[in-house]
Structures are given as C-alpha cells and as structure tokens.
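A.B. asks: Now for the letters of each chain:
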Amino acid sequence: MKTALKIRSQMLAGWKVALAYKFDFLVQLITNPISVIVYYFLWKAIYAYTGLDVISGYTFQQLIDYFVFSLIVGMIVYSDIDNWMEHNVVHGNVIQFFLKPISYLAEKIWFEVGLKFLDIVIVALPLIMIAITVFGTKLATSLPMTLLSFLMLILAVIIGFMMTYLTGLIAFWLIRIHGLRRMKRAFLLFLSGGIIPLTFFPSWYQQLSHFLPFEYMRFVPINAYMGRYSITATGFDNVFIVLGMQILWVVVLYLIAKFVEMQAFKKFSGAGA
Amino acid sequence: MGKNFKLWMNSLALELASDMAYKLNFFLKVFALFINNLLGPIATVFIYQHSAGIPGWSFPEFILFTGTFTLVNGITHFLFIMMPVRVIEAVRDGSFDKFLVQPFNTILNMTLRGWDLDGLGEILAGLVLVGYGIFTVGLAEFTLLNVVLYIILILFGVLFQYCILLIIASCSFLFVRSYALFELLFGMEKFARYPIDVFNMALRIVLTFIFPVAIASHYPAKTLLRGISGLEFIYIALPVIGFFIISLGFWIWAMKKYRSAGG
Amino acid sequence: MAKEIVTIKNLTKTYKTHERKAGLMNAIKSLFNRKVVLKHALKDVSFTIKEGEVVGLIGPNGAGKSTTIKALSGVLHPTSGVVRVLGYVPWKHRVKYVKHIGVVFGQKQQLWWDLPAIDTFDLNRDMYEVPEKIFRPRLKRIMKMLDIEEVAKTPVRDMSLGERMKCKLAAALLHKPKLVFLDEPSIGLDVIAKDIMRDFIIDANKKDKTSFIVTTHDMQDIEHLCERVIIINHGVVVWDGPLKEIKKKYLKNKIIDVKCESPIGKFRHKGCKIVSNDKYELRIEVDTMKTKIKEVVSHIMKNYEFADLVINDPPIEEVIQKIYREKKK
Numbered sequence: 001m002k003t004a005l006k007i008r009s010q011m012l013a014g015w016k017v018a019l020a021y022k023f024d025f026l027v028q029l030i031t032n033p034i035s036v037i038v039y040y041f042l043w044k045a046i047y048a049y050t051g052l053d054v055i056s057g058y059t060f061q062q063l064i065d066y067f068v069f070s071l072i073v074g075m076i077v078y079s080d081i082d083n084w085m086e087h088n089v090v091h092g093n094v095i096q097f098f099l100k101p102i103s104y105l106a107e108k109i110w111f112e113v114g115l116k117f118l119d120i121v122i123v124a125l126p127l128i129m130i131a132i133t134v135f136g137t138k139l140a141t142s143l144p145m146t147l148l149s150f151l152m153l154i155l156a157v158i159i160g161f162m163m164t165y166l167t168g169l170i171a172f173w174l175i176r177i178h179g180l181r182r183m184k185r186a187f188l189l190f191l192s193g194g195i196i197p198l199t200f201f202p203s204w205y206q207q208l209s210h211f212l213p214f215e216y217m218r219f220v221p222i223n224a225y226m227g228r229y230s231i232t233a234t235g236f237d238n239v240f241i242v243l244g245m246q247i248l249w250v251v252v253l254y255l256i257a258k259f260v261e262m263q264a265f266k267k268f269s270g271a272g273a
Numbered sequence: 274m275g276k277n278f279k280l281w282m283n284s285l286a287l288e289l290a291s292d293m294a295y296k297l298n299f300f301l302k303v304f305a306l307f308i309n310n311l312l313g314p315i316a317t318v319f320i321y322q323h324s325a326g327i328p329g330w331s332f333p334e335f336i337l338f339t340g341t342f343t344l345v346n347g348i349t350h351f352l353f354i355m356m357p358v359r360v361i362e363a364v365r366d367g368s369f370d371k372f373l374v375q376p377f378n379t380i381l382n383m384t385l386r387g388w389d390l391d392g393l394g395e396i397l398a399g400l401v402l403v404g405y406g407i408f409t410v411g412l413a414e415f416t417l418l419n420v421v422l423y424i425i426l427i428l429f430g431v432l433f434q435y436c437i438l439l440i441i442a443s444c445s446f447l448f449v450r451s452y453a454l455f456e457l458l459f460g461m462e463k464f465a466r467y468p469i470d471v472f473n474m475a476l477r478i479v480l481t482f483i484f485p486v487a488i489a490s491h492y493p494a495k496t497l498l499r500g501i502s503g504l505e506f507i508y509i510a511l512p513v514i515g516f517f518i519i520s521l522g523f524w525i526w527a528m529k530k531y532r533s534a535g536g
Numbered sequence: 537m538a539k540e541i542v543t544i545k546n547l548t549k550t551y552k553t554h555e556r557k558a559g560l561m562n563a564i565k566s567l568f569n570r571k572v573v574l575k576h577a578l579k580d581v582s583f584t585i586k587e588g589e590v591v592g593l594i595g596p597n598g599a600g601k602s603t604t605i606k607a608l609s610g611v612l613h614p615t616s617g618v619v620r621v622l623g624y625v626p627w628k629h630r631v632k633y634v635k636h637i638g639v640v641f642g643q644k645q646q647l648w649w650d651l652p653a654i655d656t657f658d659l660n661r662d663m664y665e666v667p668e669k670i671f672r673p674r675l676k677r678i679m680k681m682l683d684i685e686e687v688a689k690t691p692v693r694d695m696s697l698g699e700r701m702k703c704k705l706a707a708a709l710l711h712k713p714k715l716v717f718l719d720e721p722s723i724g725l726d727v728i729a730k731d732i733m734r735d736f737i738i739d740a741n742k743k744d745k746t747s748f749i750v751t752t753h754d755m756q757d758i759e760h761l762c763e764r765v766i767i768i769n770h771g772v773v774v775w776d777g778p779l780k781e782i783k784k785k786y787l788k789n790k791i792i793d794v795k796c797e798s799p800i801g802k803f804r805h806k807g808c809k810i811v812s813n814d815k816y817e818l819r820i821e822v823d824t825m826k827t828k829i830k831e832v833v834s835h836i837m838k839n840y841e842f843a844d845l846v847i848n849d850p851p852i853e854e855v856i857q858k859i860y861r862e863k864k865k
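Protein chains in written order, with the working numbering: chain B, 1 to 273; chain P, 274 to 536; chain F, 537 to 865.
Since the hints were made in silico from the structure, they are not lab data.
The beta-carbon is built from N, C-alpha and C at its ideal position, and this holds for glycine as well.
Heads up, a few of these hints could be off.
[Claimed, not checked] A few chain F residues that face chain B, going by a derived Cβ cut-off under 7 Å, partial list only:
(1) S609
(2) V611
(3) D662
Chain B on its own, in the form it takes in the complex (with noise of 0.2 Å):
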C-alpha cells in the first residue's frame, strides 16, 4: 500500500533520531533498575514493618512486579511529542509539516513510534531480564490474557499519545507551554498508578477512576497482565468491559484532538509568517 511508504519513512526517522540520542536512552539501563532496587528496600521495609502478607490487594512480590511492568509500560506509553510541537511553534517551524505529504497527526505519531523502538529494545527488554533474575519477577502464563493485556498497551499508547497530542495543539495558543507539560507528566503519572496502584486510592476515586482515560494508559494493561481480571465477573472486574472503556477513550479523544487540531490550524493559518 502507498502509505505504507510514507508511515516507513516517519518511523524510520524517529528510530534514527532516537539513535542519535541513544546516551540519553542509556542512561535508564541503570536508572531504571536503581528505582527497583529503591522500591524494593522501601516496600520490603514496609510489609515487615506492617506484618501483612497483602497490603491494598498485593503481595510484596506482586508489587515489586507491578512497579516492573510500570516502568516498562509508562517507558512504551509516555509521549514527548508536544516537546517537539511546542518547539516546531516556538522555532516557526510549523508550516513544514502542512508541506510534507502526510498529515500533522500522522507525522507525528508514527515518528513517535520509531522513536519508542530504542527505549523498548535497549531498555525494557534488559529491565525484564534484570526483574526477573534479581527480583523474582515472573511473566504471566496465560496465552490469552498475554495477548489481550499488548493489545490493551497498544490502546494505552494511543491514548497517551492522544493526550500528549492535546497538550501540544496548545500551544498554538500558548505558545510556550512549559509549565503545562510538567503539570501533565505529573498527573499523568500519578493518576494512571505511576507512583502507586490505584487500590491505595480512596474508593471513592477509583469508582471514578473507571471512567476517566488515566488508569487505561497503566494501570488497566498491567493489571490485565498480572491476570487480575476475569473474563466472568461483573462491571469493572471484568476484563472486556476494561477494554470497550479502553476503546472508547481512544474514540473519545481521538474526536476531541480532531476538533482542537481544527482550531489550531484554523488559528496557525491566520497568524503571520
């Protein structure tokens, strides 16, 4: 197919860009296993300290596990790309991408996905090996719930990207949309169950939870990965109604970022040079 060639040549750049950084992605083959390490002394600490073999719904070993899948999953799932859009604003840069033969959403997200490719293969894959050596990470054995929980992370990327796209369009108007971004990764992180697993939340908000797009950029996939879901159960229990919700946040905000892109370039268009 025609575009394949155009969506190759987008991916490609990305994974080259990323290889010119790829210092900057190195850097997390230790990073990344010192926070393990700091997790595990910590939480180690705490379940001896506390004398309870499940806390919030875990096992020590089930979170050590679950702080192992976050890493990876928010390394695959977390976005940069209204970085490079608040620069191409900043830098008036912008008017080249409407002259590539591609459309803006699509330029950037398949670069986005050749920029991932390094992260993945350099880092998570080591990370996994090093989780289950040392830490006694074990993979999940279902078949089907192993290939349900990567389809879920596909859904998961894309609703992180769709978020992070957002984000960027803003600064359109903006411009400069530092503070936004930093405000972003944060809750970002924290509401998708980056710091902890949403059980810890008051329950409160982990009923609302279910109805906000946060916990299907993390939490959700990991969970199904770690067979926490049933394919009988009722409600948020049960693993296809996770994922219709998943795929209807990937619609929802697909819409949305359609209708900001419209005004964006509806704006960009009307400014000068």
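We have chain B; now place chains P and F onto it with these hints.
C.D. replies: Okay, now just chains P and F, sitting in the frame of chain B:
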C-alpha cells in the same frame, strides 16, 4: 563581585519584564513544580492508610522528611540548576575562553547565572510539607539547637547537589553527553527519597560516605526530629566537604584540559 | 505554448485579530473587552505563472508575500478568490498536492537536525514515494552539482550555514517537483555558495522545466534568476512584469558611499544628489541616465583622498515605495 551581582539582578529583571503569554507560562511552570511535589505526599497518605508505613517514621515525620528533600532540591534548583547550561552556552559561543584566565571567577560567574525562578515552586512545596510535619508532630518536640543544625545540614545538602552540577558542567566542556550524565547523577538521588533506614548496611555506608546523597534528606530530617551527636555530625559532613573538594578539583582539571586542547 | 501551472484570481485574505496593547492593565482589560481588528493581508491579488518560469515575488516585510506563500502551499484558506496550482486547489487536496511542490526556507530548519543530510534524502524518497531506481541516480547527480557528496554524511547540526542551505535545496528538488518556492534562499551564504546555488536552480529550470517562485530581499538573486518579478505591497500586486522593465524604469540610480581620509568639502558633480554629507563620509545618489558611474568614481578618485568607496543599488524598499507611489497616482 559587584558586577556579577548586577548581572544577576539585570537578567532577573529582564525575565520578569517579558510579556503576558510568557508570564502565564512562568506562573504555570512554578505552579506545576509546586503541585507536582505534593503528589508524592498524597501517595504517602494512601500508603500510611493501608499499612504501618516506614519503620521508625510516623506519617508527619515522613512528610517532614519528604519536605526536607523537596526543600533541598528547590533551593538547588532556584540558585544553581542552570549553571551547567550557562557553561555549555558559553563554550558554544566562545565567551567561555575569556574566563579561562581566572578559574575562580569563572565558577563564580557561572554559578551566579545559574538561577531559575521555577525553583520557587519547589521551595514553596517544601516549606508547606516541612511546616505540616512540624506542626503535626508538635512544636514542643523541637529544640533550637536541632533547628539550627537542620538548617546547616540543608545547606550541606544543597552543597552536595551543587557538586553534582559542577561535575556535569566540567564534563560538558570535555564534550561529554551532559544530559545523560545529568539524568544519571540525579537518578542516583532516588536513594534519597526515603530514609536510609530501609536500606541494608552496605547501601547506608555508600549513601553516607561515598556518594553522600543522604545529606540531602535523611540527615537533616533526622537531626530536626531526633537530634545528632557531635561525632555523627562530623562524620556525615566530612564526606560532603570531601566531595566538594573533589568536584572543584575536577572542574579546574577539566578547564586546564579544555584550555590545552585549544579551547 | 507553456502550460499555466499557477492561477490566482482575486485572492483575498482577511483575518480578525484582537487589538493588543502592552502592559498589565491593558492585558486585564482585554479579558473583558476585546476589540476586534480586521487585518487585510491580501486584497484582490491576481497573477498566473506558466510552466518553466522563474518568478521573483518581492515586497517589504508584512506586504503579504508570506500570506501568498501560505495560500499557495495549502495552509491558508482564502477569504475569497481562486487559487489553482498544478490543477489542484491547494488546501482542498493538500496531501496529494504537496507531493508536486518543493519548498526551501532560507531561515528555517528543514532537515532532520540530528541526522546526516543523506538520511533526510532517503527518508524523503519514501515520504514522496519516489521509486529507488529513479531516485538514486537523481540524488547522485544533484549532490555532485551542489558539491555536497561528502558533507551530506555529517549531521545537519554540525554543518555550516552554506552547507545546510545546499542540502535543503537538494532535499526540495529530489522528488522532481513541478514548482518550487524559495524563501530567502541565499541568506547567510558566501559568494561561492550563492553561485553554486543559482547555477543549480537555473539548471533545474532548464533541464527539468521546474518552475520557481523566489521571495527574497537579495536583489542579486532576483537579477541572476528571475526574468519576471511580481511586487506585492500592503496586500496588493503593484507590479507584475519583466525585471528588465523595473531596471529601466526605476533602478536608474545608484548610491555611492565614500569614506575619506581628509575632510570632504562641498561635493558637486553632474547627475549627483547629495544624500548625506558628514565630515569624512559622503553618500551620493547618482542618476545613471545623466552620468556614468565610472565618471563619478574617477572624479572622486582624482579629487579626494578616499579610504573606501562602495557602490550600491538603492534599497528595494525605496524602489517599491516609488512603484507604489506611482500606482497610487
């Protein structure tokens, strides 16, 4: 010295005078740092609700601990964080060369231009957290001596982080990938997020004597809450001073290398 | 008879902005009461371009040339009027349309900054869907002409301005576009680089019948490349015709700047008007219809101890002001 201070004031004034859109972004940046540093403590609330928490640290005590680390980070951020960036800029546009003749003036000049107003957000968050910790534990529990020692140790903590920035700056004009180094060194600070009591003996030794990052959080917080002996004070302060001397030496060596390489 | 590739008829673009006054009080006021200001970027612009033309599009800053470029590149929707390029309505079929155009921005980053230029070239091959067997020989030829075979292997961020410019030019033409926009293409280039660039453009125009629209403040570019010039000022076309005509009509004058080692007293010569006369510096406007430049120069050389002498065209803004003033009559 006076000239440098004037430079600092001028660039500060320029930043504040810029237009509305940038002012909005500035406010958002500061606010973002403030609110982001409260998210961790919210997680702490949840952790203490579901468990007994960290051994040896009650909830307000640990909030005070987190606030201390935030305060140290905030002060470093506010005063020094841009220093490596200024060095890289100066190397790129060639203005660095005129400083080579005076190494100490260079450090001073770069340091004074290392400020970043965003740090205020972090400082504010730190003060809120420390304040909460102090008032919840109860003012009566604190002695004046401990408060003074606390402040001194916080400054030591800032000094330690300054050393890290000095190392990063030195590496940048040896053309090392400074961003990666920045991530690496500040990544190691993750060990300072929690009291070193949770770690094993080996790590505690490393974090106190070899890469003394515990000075940025654990020791000041512990001192404020439980005091510190004179001996202990000396043996946690010395590694930081040693670290400072080493990083200063590294800077001077790196500048010499830069100069001899033709600059 | 050459095909018409660009048709612009009564192109008008008006947009609303809000009056912005400086200061905190006004910023707060504007939250409650925003005064809408209509900006007429383009007013009834019309011109056509035929295949194989190299047209200069000039005008002072804010004249409307960047708005015109935006309309032609599919970014802008006109308020009214017709724009047709290569059979397309640019903003309606943007993705299909831009495959056939190339753009070079002299002052903007266009290549992948962290990658060697050759990577951008290869990536563009896929983006523009050019078959490899057509692409490779064309690339080789272009790189040879622009003398960038070696430099294309280095990351763009490590290149000099001139090298980057040449690579940008290559990238814009690799997919054999029918129409190419050049925006300030020679800015910051040294004389040799400018020559290489101009030769390359002329070659592409002759061999591939590539049409060019050049917007620039550098009159040398216009002189070397463009047979025809369109001048836009205040959103209106004030001139559309051969460059030769402009020169005949308006560039009769030259400006001579003289710096002397001893004070210049009065200066008088046939056909010369004094623009400014400081003690050691003199600026003269010479009417070349009345007197030859070489006569004025030899007069200066004979009678003054000059340290420096520079001969310039009057600034383009002056020419345009003159043209615009005439139009107004």
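A.B. asks: Does each hint fit the structure? Answer for all of them.
C.D. replies: Going through the hints against the structure:
1. S609: Nearest chain B Cβ about 6 Å off; hint holds.
2. V611: The hint holds - V611 of chain F has a Cβ within 7 Å of chain B, the shortest such distance being about 5 Å.
3. D662: holds, 4 Å
Going down the numbered hints, you'll see the structure goes against none, and every one checks out.
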